[in-house]
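Assemble the complex: chain A is given as a structure, and chain B must be docked to it using the hints.
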Amino acid sequence: MKIETVYATTEDTVSGCQVPPNFYGCPNLCITIDDEEEFV
Amino acid sequence: MRLNKLVHFIKNGEDEYIVINPLMGEVNIIDSELYETIVSGNFDMIPREILEILKDHLVLIQDNYDEFHSYENLLKKLKFDTSFQTFTILLTRSCNLECVYCYERTNRSLLQRKHMDKHVADKTIDFINERAHDSKRVKVIFYGGEPLLNTTMLTYLTDRLEHYHDQKIIFELITNGYLVKDLWEKYKNYFKKFKQIQITLDGPPEIHNKLRPLPGKLPTFEKILEGIKLLTDNKIHVALRSNLYLKYLNEYPRLLDELEKYEVNKKYIHLGIGFVHPDEIRNYPTISKKFLNLYYYAKNRGFNVLFQFHMQRVPCGAVTNNSFVIDYNGDIYKCWGLVGFKQLKVGSVQEGISERAHRKFLDLSPINNPKCRDCPMLGFCGGGCLYNSYLNSGELNLGFCPFPRYNFEEYLKLFIKESKNNPKRSNKP
Chain A
455 MKIETVYATT EDTVSGCQVP PNFYGCPNLC ITIDDEEEFV
Chain B
6 MRLNKLVHFI KNGEDEYIVI NPLMGEVNII DSELYETIVS GNFDMIPREI LEILKDHLVL
66 IQDNYDEFHS YENLLKKLKF DTSFQTFTIL LTRSCNLECV YCYERTNRSL LQRKHMDKHV
126 ADKTIDFINE RAHDSKRVKV IFYGGEPLLN TTMLTYLTDR LEHYHDQKII FELITNGYLV
186 KDLWEKYKNY FKKFKQIQIT LDGPPEIHNK LRPLPGKLPT FEKILEGIKL LTDNKIHVAL
246 RSNLYLKYLN EYPRLLDELE KYEVNKKYIH LGIGFVHPDE IRNYPTISKK FLNLYYYAKN
306 RGFNVLFQFH MQRVPCGAVT NNSFVIDYNG DIYKCWGLVG FKQLKVGSVQ EGISERAHRK
366 FLDLSPINNP KCRDCPMLGF CGGGCLYNSY LNSGELNLGF CPFPRYNFEE YLKLFIKESK
426 NNPKRSNKP
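Which chain is which? The protein sequence lines are A and B, in order. Residue numbering for the first sequence follows the numbering used here, beginning at 455 and increasing consecutively. Residue numbering for the second sequence follows the numbering used here, beginning at 6 and increasing consecutively.
Only chain A is shown next, with the shape it has when bound in the complex (with noise of 0.2 Å):
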């Protein structure tokens, strides 16, 4: 028998990313920048 964690949040994206699956109706859309130390 085994287990396999392939994903743990230590923190829920809502506060950067307010953003439903599906924004239909909410404009807000939020991308993910890999290279975020360029822009802060």
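If you are wondering where the hints come from, they were derived from the structure by calculation, not from laboratory data. Since we're looking at a predicted model, the values are computed, not measured. By construction, the Cβ of each residue, glycine as well, lies at the ideal position given by its N, Cα and C atoms. One thing to keep in mind: the hints can contain errors.
Claimed, not checked - Straight-line C-alpha distance at most 35 Å; calculated DSBU-like pairs for lysine-lysine:
#: 1; chain 1: B; residue 1: 266; chain 2: A; residue 2: 456
#: 2; chain 1: B; residue 1: 191; chain 2: A; residue 2: 456
#: 3; chain 1: B; residue 1: 215; chain 2: A; residue 2: 456
#: 4; chain 1: A; residue 1: 456; chain 2: B; residue 2: 81
#: 5; chain 1: A; residue 1: 456; chain 2: B; residue 2: 82
#: 6; chain 1: B; residue 1: 376; chain 2: B; residue 2: 304
#: 7; chain 1: B; residue 1: 418; chain 2: A; residue 2: 456
#: 8; chain 1: B; residue 1: 376; chain 2: A; residue 2: 456
Stated by the list, open to error - Example chain B residues on the side facing chain A (calculated, C-beta under 10 Å, incomplete):
#: 9; residue: 39
#: 10; residue: 52
#: 11; residue: 305
#: 12; residue: 317
As the list claims (entries may be wrong) - Label pairs and their computed distance ranges (CB to CB):
#: 13; chain 1: B; residue 1: 398; chain 2: A; residue 2: 456; range: 55 to 61 Å
#: 14; chain 1: A; residue 1: 456; chain 2: B; residue 2: 294; range: 29 to 35 Å
#: 15; chain 1: A; residue 1: 456; chain 2: B; residue 2: 397; range: 53 to 59 Å
#: 16; chain 1: B; residue 1: 346; chain 2: A; residue 2: 456; range: 32 to 38 Å
#: 17; chain 1: A; residue 1: 456; chain 2: B; residue 2: 415; range: 23 to 29 Å
#: 18; chain 1: B; residue 1: 70; chain 2: A; residue 2: 456; range: 23 to 29 Å
Same frame as chain A, now just chain B:
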């Protein structure tokens, strides 16, 4: 000991099961033997080491443990976390485009040619500073109408808020993009402050121009694309939104052709595909599949594509104490789509938040809705979009399923694959 009722198992190939655990915010993979043993309740047969993991991760819980109560407490913690706050500011109700599907056209009171003035801007700054002075990060999103029609307040607010919050503030802009090229030289230092700028192109030129024209049905595609080119050439990230209709879906690749023709730097383009027209809701089962096809197609062509499916137990900022939408006149709402619905206003920057009105949103919980509470997608949609629900039923509630629900297993498997490929999105213990 017993199985946590919030945990769901999804078969994954011949020998594996995916274990979704919204209470822990986790996804695990187990083999069939372990699955059979868990669901049969023969916990004594599970090796001690694995049993401890299942208990630690709350897959198995004590008989008297109330997982729904725990989940409510978790949601409350997330809702009232103010370490990161978001303020969306409508700089104006005015717009230079006449998009055929604009939700502001469905609510006639929104079609006022009114800009935010300095008095309201000052009150907005006070409101943000007061609420966010202890926050670690603050996000301000400028929106409208078309926010670039009010550059006076855009620059004023940006300067003042940046001065007060310094490094912890993030600015974003949502614009139709038509004025970017005209304003670039004068305002390029402001454009460069935005972590992302969201611009919409609804397909190749002839479709976009039909859906998002100037008054008099004049075209906008080319000028907007020139603006996008300017931004991306200057290393500014653009979230390129496309509001698609099912009937135009097959034309979308030609938009990607246009981006390549203009040699837009793909590193700075992030495609966001949405379906905004209310009629599209009845097409959700089809859209659910088609979106995935489009996602793979655009990825294969080397584009970044937003995958709007991740572990998100609170559906959106509308039900939290850390997100507010501020109208041009200072009225405060919880949802971008609900701006102008006066009965759902929760306060104003002049008078503050009405706790009673705010409670209507903060108290919304998917756990109160059996359809959501027992759904395997609970931890991914948090109960769905309350604006959709309001439009469809007139009730401010959760429980309106987003389109990935109709093809949930495929989305889940892609989510796992993406999480493995992008360790930043997954924090394995």
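Consistency of the hints with the structure:
Simply put, residue 266/B and residue 456/A have alpha-carbon atoms about 50 Å apart, too far for the 35 Å limit, and the pair is violated. Between residue 191/B and residue 456/A the CA atoms are separated by roughly 61 Å; this puts the pair beyond 35 Å, and the hint is violated. For the hint linking residue 215/B to residue 456/A, the alpha-carbon distance of about 55 Å lies beyond 35 Å, and the restraint is violated. At most 35 Å may separate the alpha-carbon atoms for a hinted pair to count; residue 456/A and residue 81/B meet this at roughly 33 Å.
Annotation: proposed proximity of residue 456/A to residue 82/B holds, straight-line Cα distance about 32 Å (limit 35 Å). Taking the CA atoms of residue 376/B and residue 304/B, the gap is near 34 Å; set against the 35 Å cutoff, the hint holds. Using a Cα cut-off of 35 Å, the hinted pair residue 418/B and residue 456/A holds, with the two alpha carbons roughly 19 Å apart. With a C-alpha separation of about 31 Å, the suggested pairing of residue 376/B with residue 456/A holds against the 35 Å cut-off.
The criterion of a C-beta within 10 Å of any C-beta in chain A is met by residue 39/B, whose closest approach is roughly 4 Å, and the hint holds. The interface hint given for residue 52/B holds, since its Cβ lies 6 Å from the closest Cβ of chain A, which is under the 10 Å cut-off. Taking 10 Å as the C-beta cut-off, the interface hint given for residue 305/B is violated, the closest approach to chain A being about 19 Å. With 10 Å as the threshold, the beta carbon of residue 317/B comes within range of chain A, its nearest partner Cβ sitting at about 6 Å, so the hint holds.
Roughly 45 Å separates the CB atoms of residue 398/B and residue 456/A, a value that falls outside the hinted 55 to 61 Å. Range check, residue 456/A to residue 294/B: about 32 Å between beta-carbon atoms, so the 29 to 35 Å window is met. The given range of 53 to 59 Å is broken by residue 456/A and residue 397/B, whose C-beta atoms sit roughly 44 Å from each other. For the hinted restraint 32 to 38 Å between residue 346/B and residue 456/A, the CB-CB distance of approximately 52 Å leaves it violated.
For the hinted restraint 23 to 29 Å between residue 456/A and residue 415/B, the CB-CB distance of approximately 24 Å keeps it satisfied. Checking the proposed 23 to 29 Å range against residue 70/B and residue 456/A shows it holds: the Cβ atoms sit about 25 Å from each other.
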